[in-house]
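Visitor: Sequence:
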Amino acid sequence: MRDFIQNIKALQDYINTEALDDIGDEAVSHYKKSFRDEAFSDKSEKDMPWQEVKRRQGNKRKKRAANTRKILTGDTGDLGRSIDYRKENRAVVITNPKIYAKVHNEGGKAGKTEFTMPKRQFIGPSLILNRKLKSRLTRNFKRILK
Numbered sequence: 001m002r003d004f005i006q007n008i009k010a011l012q013d014y015i016n017t018e019a020l021d022d023i024g025d026e027a028v029s030h031y032k033k034s035f036r037d038e039a040f041s042d043k044s045e046k047d048m049p050w051q052e053v054k055r056r057q058g059n060k061r062k063k064r065a066a067n068t069r070k071i072l073t074g075d076t077g078d079l080g081r082s083i084d085y086r087k088e089n090r091a092v093v094i095t096n097p098k099i100y101a102k103v104h105n106e107g108g109k110a111g112k113t114e115f116t117m118p119k120r121q122f123i124g125p126s127l128i129l130n131r132k133l134k135s136r137l138t139r140n141f142k143r144i145l146k
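Just so it is clear: in the sequence shown, position 98 is 98 by full-length UniProt numbering, and no numbers are missing.
Hints were generated in silico from the structure; no laboratory data involved. Each statement offered as a hint is correct.
Quick list of in silico lysine-lysine cross-link-like pairs, BS3-like style, CA-CA up to 27 Å: (1) 119 - 33; (2) 119 - 102; (3) 43 - 134; (4) 98 - 32; (5) 70 - 46; (6) 142 - 132; (7) 112 - 98; (8) 102 - 87; (9) 9 - 142; (10) 87 - 32; (11) 132 - 146; (12) 87 - 134; (13) 46 - 33; (14) 32 - 43; (15) 87 - 9; (16) 32 - 109; (17) 102 - 32; (18) 33 - 102; (19) 134 - 146; (20) 132 - 32; (21) 43 - 119; (22) 54 - 98; (23) 32 - 46; (24) 119 - 32; (25) 54 - 102; (26) 119 - 132; (27) 46 - 119; (28) 54 - 32; (29) 112 - 102; (30) 70 - 32; (31) 33 - 109; (32) 134 - 32; (33) 9 - 146; (34) 43 - 33; (35) 9 - 134; (36) 70 - 109; (37) 132 - 33; (38) 54 - 112; (39) 119 - 109; (40) 43 - 132.
Bear in mind that the values here come from a model prediction, so they are computed numbers and not experimental data.
Build out the structure end to end from the sequences listed, making use of the hints.
Guide: Spelled out as structure tokens, the structure:
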């Protein structure tokens, strides 16, 4: 009985301390992968590819870095690198402090001379992420309950 109580306490400690960090780390990694893949993964890998950008279409004779750079990376890559998480009331909130993150993620009107930004989702609900989280948490629960 003593071992059982110790295991339950260890599991509670994990849930109250490390589990939220594991969830946050896994989610941030999943969402940053969207920038490498130029697509969002929901039900399967890369099942929501991003719309191509105009700078990579057309005149191929002009050899410029912008012609080969990945979508949404810009000159700095700040948008993708700015994805982070914070813990709030026993929950994880994924954040991106860049003011332009929302319009890129959801699409919509943008710019001084207004235009419609296409949706290029990189943060949002994902069945693949849910499976990764379930696997990671289950693995850690089993490790604790050994």
